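Colleague: The residues making up each chain are set out below.
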Amino acid sequence: MTHYLEPSRIPIFQIGDCLLLTIQVDLEDRMIMTLKDDLAERIAKSHAKGVLIDISALDVVDSFIGRMLANISAIARILDASTVIVGMRPAVAITLVELGMSLQGVRTALDVDRGMELIRRDTSEEAGRLHEA
Amino acid sequence: MRPEQGRPTRGGTDRESDGADAAGEVIPIHTGADVSRVRRVATAAMATIGASKIETTRMVTAASELARNTLEHGGGGEMRIAIVGRMSKRKVEMTFIDQGPGIPDIHRALTDGYSTGGGLGLGLSGAKRLCKEFEIKSAPGEGTIVKVASWTERP
Ligand SMILES: Nc1ncnc2c1ncn2[C@@H]1O[C@H](COP(=O)(O)OP(=O)(O)OP(=O)(O)O)[C@@H](O)[C@H]1O
Ligand SMILES: [Mg+2]
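Chains Y and W are the protein sequences, given in the same order.
Letter by letter, the first sequence follows residues 29 to 161 in this note's numbering.
Letter by letter, the second sequence follows residues 102 to 256 in this note's numbering.
What the hints contain is simulated information worked out from the structure, not anything from laboratory work.
These numbers were taken from a predicted model, which means no experiment stands behind them.
Mixed in with the good hints, there may be bad ones.
[As the list claims (entries may be wrong)] Which residues of chain W face chain Y? A few of them, derived with a C-beta cut under 10 Å, are: (1) Arg-140; (2) Thr-144; (3) Thr-158; (4) Glu-166; (5) Arg-169; (6) Asp-213; (7) Thr-217; (8) Leu-223; (9) Ser-226; (10) Gly-227; (11) Glu-236; (12) Ile-237.
[Said to hold, decoys possible] Pair ranges (Cβ atoms, derived): (13) Asp-45(Y) x Arg-255(W): 48 to 56 Å; (14) Gly-219(W) x Ser-130(Y): 32 to 40 Å; (15) Gly-242(W) x Asp-150(Y): 39 to 47 Å; (16) Glu-243(W) x Asp-139(Y): 46 to 54 Å; (17) Arg-209(W) x Lys-64(Y): 44 to 52 Å.
Glycine included, every Cβ here is placed at the ideal spot set by N, Cα and C.
Work out the full structure: start from the sequences and follow the hints.
Modeller: Okay, here's the thing in structure tokens:
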């Protein structure tokens with residue numbers, strides 16, 4: 029497991045071909061913008077196949093953060109990695125729906141283990157397809 | 102009204118002290134860090150009235166949307182927050198005030214998906230859905246005031 033840490037940045041850990049990051053504090057807008065750039069670079073450099081974003085510590089996800097999570101998923105997809113958001117609190121899920129944000133195109137899982145499982149399944153399906161072709 | 106104390110706003114460590122007394126505070130909104138501060142103060146106020154988790158999340162999410170509008174569309178301003186009412190019904194009131202350009206067509210601004218700034222256009226309409234009370238006053242050249250409230254009732 030390697031990691032990378034700078035002040036006021038969210039650390040990104042690597043486990044196998046999966047990147048894992050945990051959002052622990054109330055995010056300032058500037059920080060999530062930095063995260064987007066950092067993550068894109070890390071995916072390209074590490075050839076990661078999956079990105080797990082743990083938001084279990086977040087008690088609020090507003091439209092700005094919601095949009096950033098969707099953006100991150102979209103960027104990762106173009107870089108050939110799938111993103112799974114894990115650990116969303118029930119109150120956050122309810123509020124997002126009431127806000128009118130469906131987070132389309134963003135995959136979610138209840139916890140990190142299940143998120144990993146989703147990514148593993150993706151990667152092996154893809155490997156299967158390549159093998160057939 | 103208690104004057105602002107200009108505490109550092111980063112991280113979550115001052116979460117408790119930040120909201121020890123959220124009643125009658127004025128929070129200036131001029132930076133992204135101020136928007137975070139608004140969320141923390143709103144969270145503390147909802148805890149003070151004993152609001153449920155879901156109700157707190159609704160109100161803090163609305164506060165975040167409105168504070169960001171004050172910053173981005175209103176050119177900055179402030180939030181006033183107060184706890185009013187007696188034991189049986191305690192209410193958190195938040196008022197977002199700016200002297201920005203104002204909103205020419207409030208009805209349109211409250212429509213899901215309407216945005217003049219390339220956003221999703223869900224902030225204002227979403228905040229209205231999330232709060233028990235929602236009031237907006239705005240006119241071109243006269244700034245914008247949005248007041249929201251939530252409360253808890255005890256028998
Ligand atoms: N304080 C304000 N001053 C001036 N105009 C405002 C203000 N608040 C909202 N508006 C106007 O109302 C529109 C709708 O606001 P709303 O918050 O719903 O969407 P948005 O901020 O554009 O995008 P989003 O919040 O989804 O990122 C804004 O695009 C803006 O034109
Ligand atoms: Mg908005």
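Colleague: Determine for every hint whether it applies to the structure shown.
Modeller: Okay, the hints, checked on the actual structure:
no., hint, result
1, Arg-140, "holds, 6 Å"
2, Thr-144, "holds, 7 Å"
3, Thr-158, "holds, 4 Å"
4, Glu-166, "holds, 6 Å"
5, Arg-169, "holds, 6 Å"
6, Asp-213, "holds, 5 Å"
7, Thr-217, "violated, 15 Å"
8, Leu-223, "holds, 5 Å"
9, Ser-226, "holds, 7 Å"
10, Gly-227, "holds, 4 Å"
11, Glu-236, "violated, 19 Å"
12, Ile-237, "violated, 17 Å"
13, Asp-45(Y) x Arg-255(W): 48 to 56 Å, "holds, 53 Å"
14, Gly-219(W) x Ser-130(Y): 32 to 40 Å, "violated, 19 Å"
15, Gly-242(W) x Asp-150(Y): 39 to 47 Å, "violated, 53 Å"
16, Glu-243(W) x Asp-139(Y): 46 to 54 Å, "holds, 50 Å"
17, Arg-209(W) x Lys-64(Y): 44 to 52 Å, "violated, 31 Å"
Hint violations for this structure: numbers 7, 11, 12, 14, 15, 17, all remaining hints satisfied.
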